[in-house]
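S.K.: Sequence:
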Amino acid sequence: MAAFGDYDIASAIYWSAQNNCTTCLQALSWHLEESPHGRVNESTTCYGSALAVAVDRGHRDTVSILLCGDRADPNRPGADGRTPLATAAARSHTEIISILLKDERVDANITDPRGVSPFFLACTDRSNRAVDPFLSCSKVDVSRKDNTGWNALSWACAFGPTRTVKMLLRRVEIDVNNVDSEGNSPLLRAVVEGRTDVVKILTNMLRVILARAPDTANSRDISGWSPLAWTFEPPGFPACLEVLLQYASAETLACTDYSGRTLLSIAVLWGQTAMVKMLLDHTGVDVHSRDLDGHTALFHAVKVGAVDIVRQLISRSHGPLSSHDVSAMVTVAEAHGNTEILAEVRSLVGKND
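Residue numbers (UniProt numbering): 1 to 353.
Do not rely on the hints blindly, as some may be mistaken.
[As the list claims (entries may be wrong)] With beta-carbon atoms standing in for the labels, derived distance ranges:
#	residue 1	residue 2	range
1	193	347	57 to 63 Å
2	143	347	19 to 25 Å
3	234	27	47 to 53 Å
4	250	115	33 to 39 Å
5	337	181	41 to 47 Å
6	75	250	26 to 32 Å
7	239	311	20 to 26 Å
In case anyone wonders, no lab produced these hints; they're calculated from the structure.
Ideal placement from N, C-alpha and C gives every residue a C-beta, glycine not left out.
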């Protein structure tokens, strides 16, 4: 009977790992390691590739066999730059995560080219399983950041389950005030990503975050937007706005973005009628503030055709409007053919200065 060559055995080892054939794998490994040719290096035997495919497919027993002795390097990254631990985290293979974390050779903090660690990937696991082994392992650096400045809480708020967000908030090592390269805090990231499932619990969660870091409510990203501004993005998060308004400083309420638009103007442009009312009911919101183009929130409401908002703003306006303002709004309303808004704006004629 012809003997298998080392390369044939290496291919068979890969097939065995891929198909979770542990009996074949053990026999093939013994044959190769007892070969008269001696040990063949890892890249030749495909032990590294075998470990990668076994981890990817969740073959726990096969992974254990491949980790015996020094058959496979448990820290060797694959073609995608991920280590076996990172792959296990991304695939939510909890038992394999635990096996790898218990291996003394495993470096739990190796990152991919983007600076993303296995722990970050675990924080995005919607099944709520992958993060637990990491949080109970002392060699995991839970406070690190990726290349864009995101920390674990940023990842969880953007892509992870609410349970993970809550668990991370209890860890004092994790910076709730962390600011990434775009000026976003984890709290702001949850709103930016439109995480309705996370934001639903933010009515309670925000109080926890703000109790630890009240200034988070007044942070701003590189566009000048605060967490309050992002609550207006559709579908809109009025419950979040209500909580954040309790912590908002006068400076934040008056802040503008790079176009000079206030929170009120941003809410108007997104057509958030109920949230516009919330702002108008809050002390410190300036109805007459103008952006860099000289436009007020009322002008923007006329332009986007928001009849109810136009009525709200007209009723809350203090003092007369200039003839120039009224004329500009009449022109816009006529151009859009919005008869209801045109009637509201024309009612202002004669009330100007």
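S.K.: Next step is simple, just say for each hint if it's right about the structure.
M.R.: Structure-based check of all given hints:
In this structure the supplied range 57 to 63 Å is violated for residue 193 paired with residue 347, their Cβ-Cβ distance being about 42 Å. For residue 143 and residue 347, the Cβ-Cβ distance of about 59 Å falls outside the hinted range of 19 to 25 Å, so the restraint is violated. For residue 234 and residue 27, the hinted distance range of 47 to 53 Å is not satisfied, since their beta carbons lie about 60 Å from each other. Evaluation of the 33 to 39 Å hint for residue 250 and residue 115 yields a pass: the beta carbon distance comes to about 37 Å.
Look at residue 337 against residue 181: about 44 Å separates their beta carbons, and that is inside 41 to 47 Å. Distance hint check for residue 75 and residue 250: the Cβ-Cβ separation is about 52 Å, which falls outside the suggested range of 26 to 32 Å. Checked against the hint of 20 to 26 Å, the C-beta distance between residue 239 and residue 311 comes to roughly 24 Å, which is consistent with it.
Going through the hint list in order, the structure does not satisfy hints 1, 2, 3, 6.
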